[in-house]
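Same order as they appear, the protein sequences are chains A and B.
Each residue of the first sequence is one higher than the last, beginning at 639 in my numbering.
Each residue of the second sequence is one higher than the last, beginning at -13 in my numbering.
Hints were generated in silico from the structure; no laboratory data involved.
Any given hint might turn out to be false.
Unchecked claim - The calculated DMTMM-like cross-link candidates involving lysine to aspartate or glutamate, where the alpha carbons are at most 20 angstroms apart (straight line), are:
#: 1; chain 1: A; residue 1: 661; chain 2: B; residue 2: 572
#: 2; chain 1: A; residue 1: 661; chain 2: A; residue 2: 646
#: 3; chain 1: A; residue 1: 661; chain 2: B; residue 2: 433
#: 4; chain 1: B; residue 1: 566; chain 2: A; residue 2: 739
#: 5; chain 1: A; residue 1: 661; chain 2: B; residue 2: 247
#: 6; chain 1: A; residue 1: 671; chain 2: A; residue 2: 733
#: 7; chain 1: A; residue 1: 689; chain 2: A; residue 2: 653
#: 8; chain 1: A; residue 1: 781; chain 2: B; residue 2: 247
#: 9; chain 1: B; residue 1: 481; chain 2: B; residue 2: 466
#: 10; chain 1: A; residue 1: 709; chain 2: B; residue 2: 437
#: 11; chain 1: B; residue 1: 92; chain 2: B; residue 2: 113
#: 12; chain 1: B; residue 1: 575; chain 2: A; residue 2: 785
#: 13; chain 1: A; residue 1: 661; chain 2: B; residue 2: 215
#: 14; chain 1: A; residue 1: 786; chain 2: B; residue 2: 572
#: 15; chain 1: B; residue 1: 528; chain 2: B; residue 2: 505
#: 16; chain 1: B; residue 1: 301; chain 2: B; residue 2: 280
#: 17; chain 1: B; residue 1: 528; chain 2: B; residue 2: 513
#: 18; chain 1: B; residue 1: 301; chain 2: B; residue 2: 215
#: 19; chain 1: B; residue 1: 566; chain 2: A; residue 2: 785
#: 20; chain 1: A; residue 1: 661; chain 2: B; residue 2: 54
#: 21; chain 1: B; residue 1: 464; chain 2: B; residue 2: 433
#: 22; chain 1: A; residue 1: 781; chain 2: B; residue 2: 346
#: 23; chain 1: B; residue 1: 543; chain 2: A; residue 2: 733
What the hints assert, rightly or not - One side of the interface only, derived from the structure: several residues of chain A facing chain B at Cβ under 8 angstroms:
#: 24; residue: 658
#: 25; residue: 660
#: 26; residue: 665
#: 27; residue: 670
#: 28; residue: 696
#: 29; residue: 704
#: 30; residue: 725
#: 31; residue: 740
#: 32; residue: 743
#: 33; residue: 746
#: 34; residue: 758
#: 35; residue: 761
#: 36; residue: 762
Everything numeric in this text was worked out from a predicted model, so none of it was measured.
Beta carbons are placed, not taken as given, at the ideal position from N, Cα and C, and that holds for glycine.
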Amino acid sequence: MPTEEKLELPQHLLDFIEQWRNKQGNLIMILHKTQEHYGYIPRAAAIELAKILDVPLAKVYGVITFYHFFKLVKPGRNIISVCMGTACYIKGAGDLMAECETLLGCGVNCTTDDEEFSLQGVRCVGCCGLAPLITVGNEVYGKLSADKLPEILAKYRSK
Amino acid sequence: MAVKNFVLVCGGTACESTKGDEIFKALLKSATKHGIKDDVQIIKTGCFGFCEKGPIVKVLPEEEFYVEVTPEDAEDIIAETVVKGRTVERLAYKDASTKGSVSSEKIKFYQKQYRVVLRNCGLINPEDINEYIARDGYLALEKCLTGELTPDSVIEHLKVSGLRGRGGAGFPTWLKWNFSKNVTADQKYVVCNADEGDPGAYMDRSTCEGDPHSIIEAMAIAGFTCGADTGYIYIRAEYPLAIERLNIAIEQAKEAGLLGDNILGSDFSFNLEIRLGAGAFVCGEETALLASIEGKRGMPIPKPPFPAVKGLWGKPSIINNVETFANIPVILTKGGAWFKSIGTAGSPGTKVFALTGQIENSGLVEVPMGTTLRDIVFDIGGGIKNGRKFKAVQTGGPSGGVITEQFLDTPIDFDTLTSIGSMMGSGGMIVMSEDDCIVDVTKFYLEFCVEESCGKCSPCRIGTKKMHEILEKITSGKGEMDDIQKLKDIGKAMKTASLCGLGQTAANPVLSTLKYFEDEYLEHIQDGKCRAGSCKDLMQYKVVTEKCIGCTVCARKCPVNCIEGERKAPHFIVQEKCVKCGACYEACKFDAITIS
């Protein structure tokens, strides 16, 4: 059996946990903070959280896996989210997704081999006036067509 | 010195993501440069609603309405409009029919709208509590605490107003509050549902961003009415700007003594906390939402008992959505009778819709209940994009259905929409044109439900999956005639046997489109044809021999070399090898390639 990697949670995260320790229903908020720090929820961190909060690890994983927002795998440096809301869908989000897959050479919910990009579909960013759109990190690129994608991706490559 | 001009910059997510903040800073810089910083007030407001043309800048009192503004335009807006009082023609909104510039009050998009919920959006700075207070904000809460309004009179006002929950089901709000008020318990809660998961809908996000205090005030009033001292706002983690604005508003309200212990010196205390969702559509269902606030997997439980009696941590809890709450302060300041006078008899008030899809003016619109779809789509929305033909409007998202041309003149409210086989839902309104395949869009909704089904009850877990498989079959040209009946049977079973609203309504898109567009399903199955041309597996690219001049561009572009023909002679496509990528269609300059 492989040994579990030990991980020390950073101080600001421990402080946050302390602040929330006695509040009911704190697990999701603590997981959000953990993901904010690591970009995902490493297994070692989940084990630590279970210990600190004194809840079974199975419960922690039960929550993580229920919600789409929480990730178990480290994402790439740039996260490309193709909006798959209805407005974007009928304006060709599917084509954008297919083009991203081709350009990046990786599928949905995967990361490129060089860890440069992760590709995911998201449910409605709420900018339907800009449909179809993708977001890269916090930047929104709206009213897109597939032929504009190479230029956008080039901006982020090895940045 | 008095302020001469107001420059309002849209700070909603859509405009903000297209450089709204840079425009705001550039305007400030220009104003300083021209030495008129004290004559002009530059404010970042909530959403104007006209997202199609964003980012938007409005100059008052001239009522100049500038669209698609860039940071570089800031200098001209200040130098021309503010300093010299002239219109910057190239930025001014042009009427689609007259092509002339129009000031904001004459824009067709706004003329049939009536803003109650969005009364402050696009007008005040949402990050400044004083601007909210100046618009009669916190007046209703003050009335509660000074004895002018009692819990009973609040309920009475809501009863007279006829306000129904805007989350989708349309349950009378006063009844919900009354249940909770009449239960004796040592602890009660007020919960705001801001987990707007419906794809293609963003009404609640804009309200949180543009007028966060109205939600906070209404929640405090709910606490006062039913005797709760704690509230939670459950909001999607995907809405960072809305979360930020709500946090700022909560802090400001605390500082002003409008939240916290002993509000305004009374013995009423109310504390408010934000809890983040984590991307689960089912958490819009109230019992699932409560489970999520409790830090658990967001799975629904059977009702009754209803949350108003036994909710969060087993205590009575009022749950309303953002739009419902946003209506409440203004109902209490203007009176229930005033609200009742707007809209229809069965559904008083207004409704905010996110108008999107194949429409000229997509954006956020608020209209009195009873407005016809024709008014919304053609007058406010400016008609179908690129002059295409109207096909249907989808309302209610993954739980709703389609409204076809024959119902364009039906006044829409909770009851009429249900009677024509759709539903109000939270307010997403997706316009489809002849270019959209109804079967494909239905498949999209089912795919959504497959992913979002929590898996607790089998009718929903298995039913959504089976229906999606059948639709997949039909759109790839492998459909069989008895698939239609299968879809109907599964749909009916899910409606009766599913545990919560998600499963009970997940079949609606299928049943509703089968009712009005069965011929399109049949076309896919029997003729292997998709009239909209969106189902790729059913498409055939063909060369129109008369138009082809044999330039060979298509043959060179084709990734699988399936286009053959001599130079300067008409080409042809070998169908067996074609992967339907569309590269030839895009490449041909002579429109010699058709899709059928």
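To see whether the hints hold, each was checked on the structure:
no.	hint	result
1	A:661 with B:572	violated (58 angstroms)
2	A:661 with A:646	violated (23 angstroms)
3	A:661 with B:433	violated (37 angstroms)
4	B:566 with A:739	holds (17 angstroms)
5	A:661 with B:247	holds (18 angstroms)
6	A:671 with A:733	violated (34 angstroms)
7	A:689 with A:653	holds (15 angstroms)
8	A:781 with B:247	violated (48 angstroms)
9	B:481 with B:466	violated (24 angstroms)
10	A:709 with B:437	holds (16 angstroms)
11	B:92 with B:113	violated (29 angstroms)
12	B:575 with A:785	holds (17 angstroms)
13	A:661 with B:215	holds (15 angstroms)
14	A:786 with B:572	holds (14 angstroms)
15	B:528 with B:505	violated (25 angstroms)
16	B:301 with B:280	holds (12 angstroms)
17	B:528 with B:513	holds (17 angstroms)
18	B:301 with B:215	holds (12 angstroms)
19	B:566 with A:785	holds (17 angstroms)
20	A:661 with B:54	violated (46 angstroms)
21	B:464 with B:433	holds (18 angstroms)
22	A:781 with B:346	holds (13 angstroms)
23	B:543 with A:733	holds (18 angstroms)
24	658	violated (10 angstroms)
25	660	violated (13 angstroms)
26	665	holds (4 angstroms)
27	670	holds (5 angstroms)
28	696	violated (11 angstroms)
29	704	holds (4 angstroms)
30	725	holds (4 angstroms)
31	740	violated (10 angstroms)
32	743	violated (15 angstroms)
33	746	violated (12 angstroms)
34	758	violated (11 angstroms)
35	761	holds (5 angstroms)
36	762	holds (4 angstroms)
In this structure, the hints that do not hold are numbers 1, 2, 3, 6, 8, 9, 11, 15, 20, 24, 25, 28, 31, 32, 33 and 34, in rising order.
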